[in-house]
Amino acid sequence: MPDESSIRVNTLLLEREALFVRIHEIEQATATIFGEPYPFTRPVLPSDQRSKRKSTARSGTAASKDKPLRKLDLDEVAYRVTYRQLGQTRTETHDTPDALRTLLASQSAQLQVLLIETITADGASKTVLHSATA
Amino acid sequence: MAKKTASLSFRDIVLGADADVIRQALEARVQIDQLIAERQAAYERIAALETQVEDVLGETGVFPFPAPPLPVAGFDPKADTVTRGAAKKSSGRPASSSASAEDDETPATDDTETDS
Numbered sequence: 001m002p003d004e005s006s007i008r009v010n011t012l013l014l015e016r017e018a019l020f021v022r023i024h025e026i027e028q029a030t031a032t033i034f035g036e037p038y039p040f041t042r043p044v045l046p047s048d049q050r051s052k053r054k055s056t057a058r059s060g061t062a063a064s065k066d067k068p069l070r071k072l073d074l075d076e077v078a079y080r081v082t083y084r085q086l087g088q089t090r091t092e093t094h095d096t097p098d099a100l101r102t103l104l105a106s107q108s109a110q111l112q113v114l115l116i117e118t119i120t121a122d123g124a125s126k127t128v129l130h131s132a133t134a
Numbered sequence: 001m002a003k004k005t006a007s008l009s010f011r012d013i014v015l016g017a018d019a020d021v022i023r024q025a026l027e028a029r030v031q032i033d034q035l036i037a038e039r040q041a042a043y044e045r046i047a048a049l050e051t052q053v054e055d056v057l058g059e060t061g062v063f064p065f066p067a068p069p070l071p072v073a074g075f076d077p078k079a080d081t082v083t084r085g086a087a088k089k090s091s092g093r094p095a096s097s098s099a100s101a102e103d104d105e106t107p108a109t110d111d112t113e114t115d116s
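Chains V and D, in that order, give the protein sequences. Taking my numbering, the leading residue of the first sequence gets 1, the next gets one more, and so forth. Taking my numbering, the leading residue of the second sequence gets 1, the next gets one more, and so forth.
Take the hints with a grain of salt, since some may be wrong.
When the alpha-carbon atoms are kept at most 30 Å apart in a straight line, the in silico DSS-like pairs for lysine-lysine are as follows [unchecked claim]: (1) K78/D x K71/V; (2) K126/V x K71/V; (3) K126/V x K78/D.
What the hints contain is simulated information worked out from the structure, not anything from laboratory work.
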């Protein structure tokens with residue numbers, strides 16, 4: 001189920017984030033014991049591996065979805081995303097693009113990101129970063 | 001630590017260092033080895049989680065995994081997502097932005113060696 005997949009992915013990402021926090025704590029503790037930053041190396045992770053898909057395919061789909069998520073300009077205060085999930089259209093506002101990247105990557109038949117735009121302090125739309133026709 | 005650190009033999013340590021320093025160094029080494037083992041286990045779990053995410057999504061090498069929420073060694077602290085292929089380029093860099101550690105040699109207690 002696509003919806004269950006989204007929940008599953010988010011759960012996995014939360015656990016991953018918690019582990020990185022623990023790694024940060026470990027590295028700080030090691031530096032305290034060692035008296036200076038310890039020259040850690042880190043193992044290669046699956047997220048380090050590049051896609052083996054054709055570059056044309058990436059540029060046509062995933063890349064075009066990721067690229068619009070630029071950082072906010074000075075006169076922009078947040079991202080506003082409109083998406084449809086299980087037949088319901090929802091609108092959310094986010095300060096950072098992290099959740100939006102996850103949302104874009106989780107798109108499926110049951111989850112479609114319709115619009116991502118930047119907004120100014122008064123809530124007005126400034127720039128459309130992503131738009132999909134239903 | 002700026003100079004090259006040669007591997008010290010048992011004889012070098014016994015004859016060349018003060019007993020208190022040896023005790024302190026041993027205590028520090030044991031603690032650090034435990035932390036390195038825990039760190040390695042955390043990375044193994046992260047690798048398993050990332051594999052599960054890609055299994056769920058049905059694609060590998062595409063999902064933009066978020067960068068660590070706090071600075072950790074080997075990741076670009078300014079990146080929003082994991083920079084693919086960054087591990088090879090940045091391996092050996094400490095989590096801190098201190099430049100002094102770049103001159104250091106990787107000690108014998110590197111995590112890749114002690115956890116086996």
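Inset, instruction - Mind listing which of the numbered hints don't hold for this structure, in increasing order? - result: Of the numbered hints given earlier, the structure breaks none, since each of them holds.
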